[in-house]
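Asks: Going by this note's numbering, the first residue of the sequence shown is number 7, and it counts up by one from there.
None of these hints come from the bench; they were simulated from the model.
It is possible that some hints are incorrect.
What the hints assert, rightly or not - Cβ pair distances, simulated, as ranges:
#1 L259 to E169: 46 to 54 Å
#2 A23 to R270: 33 to 41 Å
#3 P437 to M366: 35 to 43 Å
#4 W233 to F194: 47 to 55 Å
#5 M469 to I243: 33 to 41 Å
#6 H140 to P364: 18 to 26 Å
#7 A439 to M366: 12 to 20 Å
#8 M110 to L343: 44 to 52 Å
#9 P182 to L343: 40 to 48 Å
#10 F269 to G232: 29 to 37 Å
#11 L171 to P200: 39 to 47 Å
Backbone N, C-alpha and C fix where the C-beta goes; we use that ideal spot for every residue, glycine too.
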Amino acid sequence: MSTASSSTEVNRTLIVALLIAGAFVTILNQTLMLVAIPAISADFGAEPSLVQWVTTAFMLANGIFIPVSAVLIDRYSNRALYLTAMGIFVAGTLIGALSTSFAMLLVARIIQGAAAGLIIPMIQTLVMSLFPPHRRGAAMGLVGLAIAFAPAIGPTLSGWIVEHLSWRALFVLMLPISALVWAATAIFMTNVTPRRDRPIDALSVVLSTFGWGGLLYGFSVAGSHGWTSPEVLIALIGGALSLAWFVHRQQRLPMPLLDMAVFRNPIFTLTTALCTLIFLLMIGVMTLIPIYVQNALQLGALVSGLVLLPGAIINGVMSPVAGRLFDRFGIGQMAPLSYALIAVALFLLMRMDLETSPWMIAAYVALLMFAIALLFLPLVTAGINALPHELIAHATAMNNTLRMVGASVGTALLVTIMSWPMSQAGAEAAPAATVAEGVHLAFGAALGLALLGLAGSLWLWQMVSRPAQQTVEE
Numbered sequence: 007m008s009t010a011s012s013s014t015e016v017n018r019t020l021i022v023a024l025l026i027a028g029a030f031v032t033i034l035n036q037t038l039m040l041v042a043i044p045a046i047s048a049d050f051g052a053e054p055s056l057v058q059w060v061t062t063a064f065m066l067a068n069g070i071f072i073p074v075s076a077v078l079i080d081r082y083s084n085r086a087l088y089l090t091a092m093g094i095f096v097a098g099t100l101i102g103a104l105s106t107s108f109a110m111l112l113v114a115r116i117i118q119g120a121a122a123g124l125i126i127p128m129i130q131t132l133v134m135s136l137f138p139p140h141r142r143g144a145a146m147g148l149v150g151l152a153i154a155f156a157p158a159i160g161p162t163l164s165g166w167i168v169e170h171l172s173w174r175a176l177f178v179l180m181l182p183i184s185a186l187v188w189a190a191t192a193i194f195m196t197n198v199t200p201r202r203d204r205p206i207d208a209l210s211v212v213l214s215t216f217g218w219g220g221l222l223y224g225f226s227v228a229g230s231h232g233w234t235s236p237e238v239l240i241a242l243i244g245g246a247l248s249l250a251w252f253v254h255r256q257q258r259l260p261m262p263l264l265d266m267a268v269f270r271n272p273i274f275t276l277t278t279a280l281c282t283l284i285f286l287l288m289i290g291v292m293t294l295i296p297i298y299v300q301n302a303l304q305l306g307a308l309v310s311g312l313v314l315l316p317g318a319i320i321n322g323v324m325s326p327v328a329g330r331l332f333d334r335f336g337i338g339q340m341a342p343l344s345y346a347l348i349a350v351a352l353f354l355l356m357r358m359d360l361e362t363s364p365w366m367i368a369a370y371v372a373l374l375m376f377a378i379a380l381l382f383l384p385l386v387t388a389g390i391n392a393l394p395h396e397l398i399a400h401a402t403a404m405n406n407t408l409r410m411v412g413a414s415v416g417t418a419l420l421v422t423i424m425s426w427p428m429s430q431a432g433a434e435a436a437p438a439a440t441v442a443e444g445v446h447l448a449f450g451a452a453l454g455l456a457l458l459g460l461a462g463s464l465w466l467w468q469m470v471s472r473p474a475q476q477t478v479e480e
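Work out the full structure: start from the sequences and follow the hints.
Replies: Written as structure tokens, this is what we have:
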């Protein structure tokens, strides 16, 4: 019996290692291109605004495929699907390395983004299936280590590679690593999730694509194009209408593409809302800080990156710790404490001025990322733990999709608020004081949202402690 148990544990360890490797490779690629845009623009003679699509297209493909992942995870074996998704990612990486035109590079990024859209929710589903509820926090914390570190080192690593080699090296160096993950998956991955004969509704796929894709694109460009531009309005209105039709259709189908039954559970609904809000705040702040450091404090891009780095490291280090704390104490007390720390950090960021040193700003960001790491994955785990096993794939797909929308909304909302004083000033190049005023307003709005999250986390604490109180009374 002990031998069988030991064998099962070894198998779990191998699978989790594969999942962590896959998460690291795919998430790293989300941020690798950010620093390479000027080099790609110069190489292909394309405008930077056009080259920006190497990141936008990845994000859109990612967001479109995440909702579809639920039915694919149900329908196919996890080994076959993970192997296929990693194979597609390897193919996209190879095409990127061989790109002879910008169009070919864009296709490569779309392929990579689509594969990542299948891999990320699949990783969470497999972790939830491999471990019982009381051990999921620690396991998700280990995966969170890769999720946190990959985007943290992405821009720095990309900058060094582009400066010393070329932007093509970003694909060439990633190719053997992703191929190795694929080969290890072929050798060691086993099936741990049950298969269900679930049909794929073609109309639902189309509505999901236009709905989520429209919202993601509209919110992504609203900050730069303006909320009233025809492009943004068409994308947001078309996306919202498609999504409304999609939701209505899912409720009528006997076997929906994305099961809305997950929202009948109040704990999942509330934890997903709080998780989306955290992601909105995190991405929004990560967007504002470099603008403040470079345009208000008049410091270089390297300093702005260094300001974010301690927080990113703390985020990665704290993920496994947060998972173990969740397994021991649950989400009830962790949520209000973390949201209170988030509010404190945002208050400090709102109060900074042109005399605030970049290292003090780094300390404020580090406090924010500490609080986010303490709560982010525990919220995801608590919400999914509240659901039956057959809804896990749908819950992870919904959670990931809403987080992506939240990130787009957060960036667009906070950048719009930040830009308001500059638009009032009417100057082409806003003075440092005007930039600082805009960033302060944006952080004030973020603080308001954090206080809303704190109220929601207190409600969650009351919600999860209710069954325990009833048990004591009985």
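Asks: Looking back at the numbered hints, which does the structure fail to meet, lowest number first?
Replies: 3 and 6
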